[in-house]
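There are 2 protein chains.
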Amino acid sequence: MVDADSTEKFKKYMNAEKNRINDALEEYFQFVLNDVKDNEMIKIVRELRNYTMNGGKRVRPILIATAYRMFGGKGDEIYKAAISIELSQSFFLIHDDIMDRSDLRRGFKSFHRKVEEMLGDIKDKEHMAESLAIVAGDLAVDYSFDALNRSDFPLDIKYRAMGELIEIIKTTGYGEGLDMFSSAGVKLKMNDLIRLHLRKTAKYTLEGPLLLGSYLAGKSENLNALKAYGNLVGLAFQLHDDVIGLFGTQEEIGKPPKSDVNEGKQTLLMIKAIEKSHENDRNFINGCLNSGDISDEDFERLKNIVKQTTSFDYSRWLIDRFIEAGKRYADRIDGNQEQKDFLKWFADYLVSRKY
Amino acid sequence: MVDADSTEKFKKYMNAEKNRINDALEEYFQFVLNDVKDNEMIKIVRELRNYTMNGGKRVRPILIATAYRMFGGKGDEIYKAAISIELSQSFFLIHDDIMDRSDLRRGFKSFHRKVEEMLGDIKDKEHMAESLAIVAGDLAVDYSFDALNRSDFPLDIKYRAMGELIEIIKTTGYGEGLDMFSSAGVKLKMNDLIRLHLRKTAKYTLEGPLLLGSYLAGKSENLNALKAYGNLVGLAFQLHDDVIGLFGTQEEIGKPPKSDVNEGKQTLLMIKAIEKSHENDRNFINGCLNSGDISDEDFERLKNIVKQTTSFDYSRWLIDRFIEAGKRYADRIDGNQEQKDFLKWFADYLVSRKY
Numbered sequence: 001m002v003d004a005d006s007t008e009k010f011k012k013y014m015n016a017e018k019n020r021i022n023d024a025l026e027e028y029f030q031f032v033l034n035d036v037k038d039n040e041m042i043k044i045v046r047e048l049r050n051y052t053m054n055g056g057k058r059v060r061p062i063l064i065a066t067a068y069r070m071f072g073g074k075g076d077e078i079y080k081a082a083i084s085i086e087l088s089q090s091f092f093l094i095h096d097d098i099m100d101r102s103d104l105r106r107g108f109k110s111f112h113r114k115v116e117e118m119l120g121d122i123k124d125k126e127h128m129a130e131s132l133a134i135v136a137g138d139l140a141v142d143y144s145f146d147a148l149n150r151s152d153f154p155l156d157i158k159y160r161a162m163g164e165l166i167e168i169i170k171t172t173g174y175g176e177g178l179d180m181f182s183s184a185g186v187k188l189k190m191n192d193l194i195r196l197h198l199r200k201t202a203k204y205t206l207e208g209p210l211l212l213g214s215y216l217a218g219k220s221e222n223l224n225a226l227k228a229y230g231n232l233v234g235l236a237f238q239l240h241d242d243v244i245g246l247f248g249t250q251e252e253i254g255k256p257p258k259s260d261v262n263e264g265k266q267t268l269l270m271i272k273a274i275e276k277s278h279e280n281d282r283n284f285i286n287g288c289l290n291s292g293d294i295s296d297e298d299f300e301r302l303k304n305i306v307k308q309t310t311s312f313d314y315s316r317w318l319i320d321r322f323i324e325a326g327k328r329y330a331d332r333i334d335g336n337q338e339q340k341d342f343l344k345w346f347a348d349y350l351v352s353r354k355y
Numbered sequence: 001m002v003d004a005d006s007t008e009k010f011k012k013y014m015n016a017e018k019n020r021i022n023d024a025l026e027e028y029f030q031f032v033l034n035d036v037k038d039n040e041m042i043k044i045v046r047e048l049r050n051y052t053m054n055g056g057k058r059v060r061p062i063l064i065a066t067a068y069r070m071f072g073g074k075g076d077e078i079y080k081a082a083i084s085i086e087l088s089q090s091f092f093l094i095h096d097d098i099m100d101r102s103d104l105r106r107g108f109k110s111f112h113r114k115v116e117e118m119l120g121d122i123k124d125k126e127h128m129a130e131s132l133a134i135v136a137g138d139l140a141v142d143y144s145f146d147a148l149n150r151s152d153f154p155l156d157i158k159y160r161a162m163g164e165l166i167e168i169i170k171t172t173g174y175g176e177g178l179d180m181f182s183s184a185g186v187k188l189k190m191n192d193l194i195r196l197h198l199r200k201t202a203k204y205t206l207e208g209p210l211l212l213g214s215y216l217a218g219k220s221e222n223l224n225a226l227k228a229y230g231n232l233v234g235l236a237f238q239l240h241d242d243v244i245g246l247f248g249t250q251e252e253i254g255k256p257p258k259s260d261v262n263e264g265k266q267t268l269l270m271i272k273a274i275e276k277s278h279e280n281d282r283n284f285i286n287g288c289l290n291s292g293d294i295s296d297e298d299f300e301r302l303k304n305i306v307k308q309t310t311s312f313d314y315s316r317w318l319i320d321r322f323i324e325a326g327k328r329y330a331d332r333i334d335g336n337q338e339q340k341d342f343l344k345w346f347a348d349y350l351v352s353r354k355y
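Protein chains in written order, with UniProt numbering: chain A, 1 to 355; chain B, 1 to 355.
Derived from the structure by calculation, the hints contain no laboratory data.
Beta carbons are placed, not taken as given, at the ideal position from N, Cα and C, and that holds for glycine.
Treat the hints with care, since some could be wrong.
Said to hold, decoys possible - Derived DSSO-like pairs (lysine-lysine); straight-line CA-CA distance at most 27 Å:
id	chain 1	residue 1	chain 2	residue 2
1	A	Lys125	B	Lys187
2	B	Lys123	A	Lys255
3	A	Lys227	A	Lys327
4	A	Lys37	B	Lys109
5	B	Lys227	B	Lys74
6	B	Lys74	A	Lys187
7	B	Lys114	A	Lys114
8	A	Lys109	B	Lys125
9	B	Lys189	A	Lys43
10	A	Lys125	B	Lys109
As the list claims (entries may be wrong) - Computed beta-carbon distance windows for the label pairs:
id	chain 1	residue 1	chain 2	residue 2	range
11	A	Gly120	B	Asn280	26 to 34 Å
12	B	Asp124	A	Gln30	51 to 59 Å
13	A	Asp124	B	Glu117	22 to 30 Å
14	A	Lys74	B	Pro154	33 to 41 Å
15	A	Glu26	B	Asp331	26 to 34 Å
Work the whole structure out from these sequences, hints included.
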């Protein structure tokens with residue numbers, strides 16, 4: 001599906017965009033650091049900078065910049081606005097890792113663990129580190145709005161983009177909360193799960209950034225095909241991520257392979273496997289999700305059940321359907337061909353991690 | 001200093017403003033609740049509404065509305081913008097109580113304790129409640145930006161106000177962090193403490209809201225007297241709050257009288273008492289701040305030391321000086337007399353709680 005020439009071209013494009021985004025992030029953090037007057041807080045904001053700079057592939061700001069160009073946007077100011085989504089990302093990940101009690105993120109220490117290491121020998125260190133991480137996350141979301149607010153776009157355009165950033169963060173917050181309830185054992189039905197994915201992944205990673213970029217280009221109507229692309233590819237990305245989370249290696253996942261199960265995460269893989277199982281296996285799966293610390297043996301048995309019930313194949317089939325439909329919508333977007341081609345390639349790319 | 005006639009007039013004014021602000025808050029939460037689709041999250045957002053509606057005297061949005069009118073602003077749209085600061089307030093208080101492990105706020109249960117009560121019999125309930133409280137706080141700050149962004153003001157004015165709200169939240173975040181370090185035992189010098197108070201109280205409670213209201217009225221220059229008023233009265237308010245925190249009753253403080261000491265809070269009262277003490281008492285004070293659970297007897301001894309070292313009188317003297325200076329600056333503000341008179345009365349009112 002993905003030919004080597006396009007892949008080379010678009011990876012090069014992503015890399016170039018990533019560098020511009022990292023430059024804009026560095027510049028923003030430099031500005032912020034000049035403004036902090038307290039030695040202790042300078043350390044925290046520096047950690048936040050390092051954490052943010054270490055952050056992955058920058059797909060969200062790349063989508064912002066891509067949508068912007070697709071609808072005729074020009075110039076480099078877009079990167080100053082696009083980093084807002086990476087600053088929000090730091091906000092979400094930092095708080096998320098506290099909530100999930102994760103020690104790792106992207107293969108590095110999670111933010112609160114990093115702060116814990118930074119703090120000397122003080123009493124109640126773990127709680128203190130988590131508290132400072134809450135504050136750092138709170139600062140990051142404020143920086144996110146700040147970066148967008150400072151970017152130089154016509155006010156009516158910036159106003160609409162601000163509304164979209166607010167919407168993205170709100171929607172993702174609802175998704176986070178729902179996710180917590182789900183981890184705590186509130187049983188999700190299929191439509192709850194889809195809504196969760198639409199909120200927490202599709203809006204946040206695909207649709208929201210694409211709309212933000214569109215608005216910044218002054219395009220605010222006739223965006224239904226773009227929205228459909230975002231939602232479909234976003235759903236596929238989440239389902240693929242869940243498959244990786246169960247069948248991938250630690251390197252692919254960025255945290256221990258059992259994490260999803262130990263967090264009690266209700267994925268389509270689990271819900272479908274439960275639906276297709278007899279009582280014995282059903283109880284076993286629920287037991288695994290409640291265990292908090294699954295054994296190697298049970299983990300293998302769980303994966304086998306997911307395969308035998310065809311739940312695994314069902315997820316893969318859905319991923320393919322969503323990606324194909326998303327690409328068809330990409331063709332219908334009322335924008336420049338170059339970026340539409342990228343979006344089509346990007347849909348495949350997003351689900352190309354192996355497991 | 002405060003004559004009875006003015007007090008009656010201005011308390012009536014504050015009450016009328018408070019009602020308008022509460023109406024605007026109710027309206028905003030109604031709008032938000034219509035938008036949440038998940039039963040579980042509806043419960044959380046309802047709790048957030050109740051928590052926010054229970055919130056005190058609304059001094060910050062009243063200051064926004066007052067500054068707005070002082071510089072010629074008309075009409076009711078200001079209340080829709082002014083609630084943004086109360087939504088931020090919920091954000092800060094909710095996260096603050098998690099960080100401070102407080103069970104109480106404003107005499108009611110703190111937000112995470114309220115959520116804990118709401119959650120049924122689930123595993124790991126305390127952590128789950130705290131996690132949902134983190135998410136609720138995150139939503140509240142997003143709502144804060146949302147309320148301001150939706151209010152109907154000319155775009156250039158709204159843009160400047162948005163910048164100020166971002167600044168308020170940023171500054172308060174730095175103050176929160178510094179406060180954490182201070183509670184963890186990083187020793188504050190007098191100037192660190194003043195900076196902390198300027199960040200965490202003066203900007204957040206006085207100067208920021210006053211500037212926000214001014215900007216919304218279209219006034220963005222010649223604001224130095226207003227800023228000086230905000231900083232001086234803000235400092236006085238914080239010092240007074242610290243005095244109440246040590247010498248007030250549970251009813252006045254809204255949480256147990258020993259809380260500040262048990263949290264290891266370094267106040268001017270403590271720093272000055274340490275400075276004026278001999279080694280024995282100095283060690284005793286530091287021991288109290290590190291104890292985490294001070295005995296009744298030690299608490300009484302601590303209060304006596306604070307009085308004997310004249311630290312108590314010093315704080316009271318500073319409070320008076322700051323209030324008087326603040327009032328002189330209020331006279332110099334380039335705005336309507338009616339609101340200037342209110343600000344002068346308000347300075348005294350802010351430090352009128354008895355101890």
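Each hint, compared with the structure:
no.	hint	result
1	A/Lys125 <-> B/Lys187	17 Å, holds
2	B/Lys123 <-> A/Lys255	23 Å, holds
3	A/Lys227 <-> A/Lys327	12 Å, holds
4	A/Lys37 <-> B/Lys109	35 Å, violated
5	B/Lys227 <-> B/Lys74	22 Å, holds
6	B/Lys74 <-> A/Lys187	51 Å, violated
7	B/Lys114 <-> A/Lys114	30 Å, violated
8	A/Lys109 <-> B/Lys125	25 Å, holds
9	B/Lys189 <-> A/Lys43	19 Å, holds
10	A/Lys125 <-> B/Lys109	25 Å, holds
11	A/Gly120 <-> B/Asn280: 26 to 34 Å	27 Å, holds
12	B/Asp124 <-> A/Gln30: 51 to 59 Å	41 Å, violated
13	A/Asp124 <-> B/Glu117: 22 to 30 Å	25 Å, holds
14	A/Lys74 <-> B/Pro154: 33 to 41 Å	27 Å, violated
15	A/Glu26 <-> B/Asp331: 26 to 34 Å	46 Å, violated
Violation of the numbered hints given earlier is confined to hints 4, 6, 7, 12, 14, 15; the remaining hints are satisfied by the structure.
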